[in-house]
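Protein chains in written order, with the numbering used here: chain A, 1108 to 1218; chain B, 4 to 117.
No lab work stands behind these hints: they were computed from the structure. Possibly wrong hints are sitting among the right ones.
[Claimed, not checked] Label-pair ranges, simulated between beta-carbon atoms:
(1) A:D1137 x B:N25: 26 to 36 Å
(2) A:D1137 x B:S55: 23 to 33 Å
(3) B:G44 x A:K1151: 17 to 27 Å
The beta carbon of each residue, even a glycine, is placed where N, CA and C say it ideally should be.
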Amino acid sequence: DTAVSQTPKYLVTQMGNDKSIKCEQNLGHDTMYWYKQDSKKFLKIMFSYNNKELIINETVPNRFSPKSPDKAHLNLHINSLELGDSAVYFCASSRSGGEQFFGPGTRLTVL
Amino acid sequence: QKEVEQNSGPLSVPEGAIASLNCTYSDRGSQSFFWYRQYSGKSPELIMFIYSNGDKEDGRFTAQLNKASQYVSLLIRDSQPSDSATYLCAVTNAGGTSYGKLTFGQGTILTVHP
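Chain A extracted, bound-state conformation (with noise of 0.2 Å):
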């Protein structure tokens, strides 16, 4: 199937942990997103990439480090986990600045 996804779909830890959130998309898009929700269901962009080149890095604490080792792929990792961190992130893919399509999320709870 065509579209973007995403592991783990569900995704428990301690404080302080280090995790990593994979993405994947094979809809030869050339442009790759992470979005934070919130609790209040607020969705808000944290990075973009664009050909693997960061073009978009909004006000995130550094222990969030994305990294895309090809167009298809975007991956997110956070060290030192804290209890703020705990919300659904979603990986998005468009090409250029078009249409984003979303990826089924990431429920990230930190304990």
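Fit chain B to the supplied structure of chain A, relying on the hints for placement.
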């Protein structure tokens, strides 16, 4: 002032009625406007986009854009219970450092009751 503002609702309409969802935005440089639907526990799903002033129709959905008033709306005709979801308005000022950055409103919860 929020960059993209929506009435959080909930908006309740009877089945078969027209649901009207509204959104205002603050950046006059905004060029592209999107409506996403998000069911509880699911990811946002793109249902409409509009770039030019006026109306754009797709099936039961009509998006309306008025750049002078910085206003975009979504009409859903013949509303069905399956339309019950949160509707997210998003805008982007493509180009430069804002390339592809979508700014979302807080969403409007729509409930269509039988």
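We went through each hint and held it up to the structure:
Taking the beta carbon of each, D1137 (chain A) and N25 (chain B) are about 33 Å apart, inside 26 to 36 Å as hinted. For D1137 (chain A) and S55 (chain B), the hinted distance range of 23 to 33 Å is satisfied, since their beta carbons lie about 25 Å from each other. At about 19 Å, the CB distance of G44 (chain B) to K1151 (chain A) agrees with the hint of 17 to 27 Å.
Taken one by one, the earlier hints all hold for this structure without exception.
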